[in-house]
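S.K.: Below are the chains, spelled out letter by letter.
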Amino acid sequence: MITNYPEKASLKEVLTTSLSLTAIKSICKNNGVFLLSADKDTVIRDAHLFYWGFTDINRISTYMDDEKNYKKSFRLKLSLDSPDTDVNTFTEFYTKLSTYRNSMAALEDIKFESFNMVSDGDEQILIGEISYTKRKPGRVELLAETTQRFSFQAHKSTDTGINIDFIFNDRGDIAIAKKIVNTALATSEDFGKPTQISLKGLTIRERVELFDRFFGYSFQDWRIDSIQNIKISDSEEALDDGEDQEALEESILNGIKSALLSGSGLRSNPIVVQAVDRGYFFPKATIMFEHKREATKILVDITFNTDDLLLEVVIVATYEIEDGRTYKHPMPVDEQKVILREFHDIIQEIYNQIQEERTTESLDDSRV
Amino acid sequence: MPENQNAIGEHWTKESVSILKQLGWEQKGSCNFDIECTIHIKERKGQNHGVDSFFEYYDPYYQCNQGILVESKNWQFKSITTANIKKWIKQITDCLECLQVSPIIQDLSKAPIQNALLMCWANDEYIHDEFMENLNKVGVASKKYPCNIFVASNYQILRWCSLINTINNIKKDAKSFNFIYPNVPTLGTSLILADHLTLTHLYSKYIFAEVKQEVENYSGGTDIINKLVVFCYEPASSASLDFLYDLIKRLNFQSYQVYEVYLYENETNIRQIVADFKSRINKQIKGDLKKPSTIDVKYLDIFDGLKNVPDGIIRFGEV
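First to last, the protein sequences are chains A and B.
So the first sequence is residues 16 to 383, counted in my numbering.
So the second sequence is residues 38 to 356, counted in my numbering.
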């Protein structure tokens, strides 16, 4: 929360560096003012002259979050070490996290802003918001010390499994989130170590298969508008020559686009096949989705990050379509959360399918 | 549309003019005149642009006079839809374009014209949240020239009536009353006192004014004291009042002997919050050590319809 009135210079810098022209215009419109110039400097000059109220300044701060940090998520999977035990997985997890919240959290300067068990139909969900202070010395006053917030949703995946989806803004949130879960479960004899979906557990062909099935998935609300970008990596080491990598990415992207257009799938596309044969795979795809019924588009990264190739789903941008034109427009956080959970569920489903098929295939092989 | 729609519209134009005049704006020309359409001839089939009223004021931040086009609409609430607001804004931006080259306007004012005000009055009922929802859905394409449209609904208009009424009451006991335009370091402008409010301040959550007032001293004579008056349109909470006090300090207003904060709220709901705030701030010594500054909190009138607005505000200057 911003509790001190920002200097005009500070406000102007924030409007210049941290908010898009659309966001500034939207904030002004909310106060009955349409700043219609297409020139950002003109709009900022006019917007920073208003004496904004306490609520407005805090809304601007939220917009900075919305604009700079569209929501990103990663999922931790928990399961019982001994599936035969009588322990109620979800209750046990709730108890452990509650104990952490009431004891260790304060010592680690971590605050649970909210912590509630809610019901969504038959499903029980544990939701919470966590805050901690991040200091960025040397920044303008409005940015010098920020309270970082991230949220989580935990729900049962199976009788003995729990998925915890963390919606984070900043990469620093990931370490804090993992630390909380590990500390909370440190004394538990029932839970195994939290895991994440990783490409490391799949062969090169299976990694391509995972993306292939995702591109061909029949989403309930979305259809793929375009694959905007992909990143390639090779199984042994990073490519040395930047230019070659760029050319190869471009070539594979074209291969994917043509495979999608023809509906033939990635595995039969010669460019992709050739790349896979050479040991290349793609750890990241940037996909534009268009809503099937609403005038909305979202740009999403499906990415496997760090050396361990761990899954993160990232909303890069959200758009509204008006009069045939696409405008960048931050989507409310709750709606982003729903989308992120859906994409995690789908990738987890595909990942499990691939692993199950592998088990069946190896069983079949062993019978032969 | 009812038969007397034109009469209602003209009446509202005059009422809008009277409100704006009392905010210190200078009307240029008469109400309801036409200017030639020079840019959208084909689209408008040669039809002129109608100007409800046109004003001018000095803008201390731009350090020059500014011309303001004012369009007044008096409609039933259910007809103030997103589509109609969008249509009115298009009407205004088209008119603004042609105003730039209109000989009629050039005879009235040499000031640049980049701001327009839409005085949108719902004449039966008014639901603020619904109006804001409709307004937020209005999409207007950016323009290649500087152009700002300010939309005032019943909420804003009654707020201004309340402000005018309170200022009139303050002026009764004051030697002088002036609005303060604080210095803006990013523009390099100095603090300016003026007797009018620009759109920038009318759409701000805090409006500042300086009042000189005669008070009795201990020796039986009189002293003139300087008061800082802040009209605050931000919902009061402990945090928001502290935020306001921080603003007062940032603007170096500590030298005023008295700060009077006017809240646009119902007193009973926030009595305890305000009492705590006053007690907290008045404990801090500020200003002249011999006569430390004090803070007081008062309340603006809240009008829930034009019928409750005192005579002399909206009927002022009616023809």
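Careful: at least some of the hints might be erroneous.
Short derived list, chain A residues pointing at chain B, Cβ under 7 Å [unchecked claim]:
#: 1; residue: ASN46
#: 2; residue: LEU50
#: 3; residue: SER52
#: 4; residue: ALA53
#: 5; residue: LYS55
#: 6; residue: GLY68
#: 7; residue: PHE130
#: 8; residue: VAL133
#: 9; residue: GLN368
Calculated Cβ distances over 10 Å to all of chain A for the following chain B residues [claimed, not checked]:
#: 10; residue: GLY176
#: 11; residue: LYS181
#: 12; residue: TYR293
Here are the simulated DSS-like cross-link-like pairs (lysine-lysine), alpha carbons at most 30 Å apart as the crow flies [what the hints assert, rightly or not]:
#: 13; chain 1: B; residue 1: LYS180; chain 2: A; residue 2: LYS44
#: 14; chain 1: B; residue 1: LYS174; chain 2: A; residue 2: LYS44
#: 15; chain 1: B; residue 1: LYS264; chain 2: B; residue 2: LYS115
If you're looking for bench data, these hints aren't it; they were derived computationally from the structure.
Backbone N, C-alpha and C fix where the C-beta goes; we use that ideal spot for every residue, glycine too.
S.K.: Run every hint past the structure and note whether it holds.
M.R.: Comparing the hints with the structure gives:
no.: 1; hint: ASN46; in the structure: holds (6 Å)
no.: 2; hint: LEU50; in the structure: holds (5 Å)
no.: 3; hint: SER52; in the structure: holds (5 Å)
no.: 4; hint: ALA53; in the structure: holds (4 Å)
no.: 5; hint: LYS55; in the structure: violated (10 Å)
no.: 6; hint: GLY68; in the structure: holds (3 Å)
no.: 7; hint: PHE130; in the structure: violated (23 Å)
no.: 8; hint: VAL133; in the structure: violated (26 Å)
no.: 9; hint: GLN368; in the structure: violated (42 Å)
no.: 10; hint: GLY176; in the structure: violated (5 Å)
no.: 11; hint: LYS181; in the structure: violated (6 Å)
no.: 12; hint: TYR293; in the structure: holds (17 Å)
no.: 13; hint: B:LYS180 / A:LYS44; in the structure: holds (15 Å)
no.: 14; hint: B:LYS174 / A:LYS44; in the structure: holds (10 Å)
no.: 15; hint: B:LYS264 / B:LYS115; in the structure: violated (44 Å)
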